[in-house]
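Colleague: Single-letter residue listing:
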Amino acid sequence: MNCSGSPPIHGADLGWAFGCSRRGASHLRGGKPCQDAYALWSGTFLSAPQLIAAVADGHGDRQHDLSEIGASLATQVAVQELLSPLPKDALFESDHALEEEFARTFPERVTESWLVRVQEDAKSRLGESYTAVDPEATIRRYGTTLLVTRVSPRWIMLAQIGDGDILFLSLDDRIVYPLETENALVGLSTYSLASRNAISLWKTAVLPREGGLLLLATDGLSDSFGGSDHPEFQRFVRSLRQRIGEYGIGKVAHSLPTWLSQYSDQGSGDDVTLVLMDIMPEEGGNNQTVEDTDGTPNRSEN
Amino acid sequence: MATEIPVPDGQVTKRALHFFWLTDCSASMGGKKIATLNQAIREALPLIKKAVESHPQVQILMSAIKFSDEAEWHIGPDPVTLDKFVWNELSADGLTATAKALRMLAQALSIERMPRRGFPPVCILISDGFCTDPEEEYMTAIAELNKIPWGMKAIRLAIALGEETEYNEKELLKFVNQPTVGLLKAHNAEELLNYIKWASTEATLSSSRSKSKDLKDDSTNVVLSTPPPTITSSTEPF
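Chains as they are written, first to last, in the working numbering: chain A, 1 to 302; chain B, 303 to 540.
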């Protein structure tokens, strides 16, 4: 799950997205794999363009020794569930009504889908011994966070379980954290898809679509700048957009792996994953589409 | 040749490990005790630095609270990086305002003052006597530490100096949250030196190793190993 070279860039009528995962400096030293994963999807669903991203951070503790698998499965089921969550969402007249429906249904479905995939993997990986051990302990081995977004013509849907950052840099340079900060989390503890009450630990939001830069990242990134709400992290986000404006998406995407490795090496030491989405304003055109979106799933995972 | 893009702005920092010394400077600490304490902390610093060499993602930030009639910052409230940390000589005089020192610690560990993310703080209390603040004040300070997130997460150790009749073991144990360690009892200068070095390096290492993320609902505090048996050639008490 170690991204090399230029990250893939996905375009749609809504904007573009790219992402990258890098194995953390401390993981390199300790011979541990990259336990982050991400997935991007762009295409047409129900006659409307959609841009979907999922980012997951598998837990590093020894008891979560299959967390890189858990993270990868989480990003896969997230895309799958976001592609059929609310087939009638175009009929919702207000973001509030849609938000309620999304909050009511998505966490349960994505969590349960993940558990099913984890159990399937455990059966194939552990064979007979899977049934002999504590099922909860087995699931914990796959423990991971998950951050997701689906951008459609009218809405930006967001959901998150566990730590990591979802933030939005508006066209007028405001940084918005659409999901509430989890005050109960300090240190390096996190909520998880493997938590006993995972469904209740999700945070969700639905925003009317507006233009701006949407960022999804594992905590290895913001921890390298002093934390999510640290001014240096916000400076980084604004500067990143300036680099995109100045040098173009392709060149920034090409530089991203080196930058992320550098942040991990000089900062948190953790795996780092960043997905960036430049969302076009509703009335604007997209002149930076890199790949055509004809409705064919256009998926990438690292 | 491709254009080199400047790295985006933003100061990159390592994850912080906050280290607090809480040192008793009451009159009974005078003479050999305070001299040994000063020496031991100075000698512990290079050992701590060496201990975290294999954890380059850790930045140790040190502070110190001294207490006698009152509690005050010896180093702080802004913490100092280990490279810039200089231990200035402490002298001994006055009472033992342990409760006031613990209240200062609780304030420093509050979510408003400490970054939400980071390694569990390390707090080492060194005292030779009974707290002279009202018992209620002491219990309130302990309750506050046991309530706030970083107070609960912190590695809290205490080193008692002197004969067991000279300090309040029960009181000091209320501060300690490492059952496998318990109260470290230094009967002489050599034991104090050894305990300060062991506690500061072991707690730092344990905190640094806790980088591996765990589940909130399963999370337990960092657990230190049992301290090594004290082998001392000195029979001369403080």
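Hints were generated in silico from the structure; no laboratory data involved. All C-beta atoms in this analysis are idealised placements derived from N, C-alpha and C, irrespective of residue type, glycine included. A portion of the hints provided could be inaccurate.
Unchecked claim - Cut-off 25 Å, straight-line C-alpha distance, at most; resulting in silico cross-link-like pairs (DSS-like, lysine-lysine): (1) B:Lys386 - B:Lys316; (2) B:Lys472 - B:Lys449; (3) A:Lys32 - B:Lys499; (4) B:Lys476 - B:Lys449; (5) B:Lys352 - A:Lys32; (6) A:Lys203 - A:Lys123.
Claimed, not checked - Only some residues are given here: those of chain B computed to face chain A with a beta carbon under 7 Å: (7) Ile307; (8) Val309; (9) Pro310; (10) Arg317; (11) Arg415; (12) Pro417; (13) Arg419; (14) Pro451; (15) Lys455; (16) Asn523; (17) Leu526; (18) Pro529; (19) Pro530.
Colleague: Of the numbered hints stated earlier in the document, which are not met by this structure?
Modeller: 3, 6, 11, 16, 17, 18 and 19
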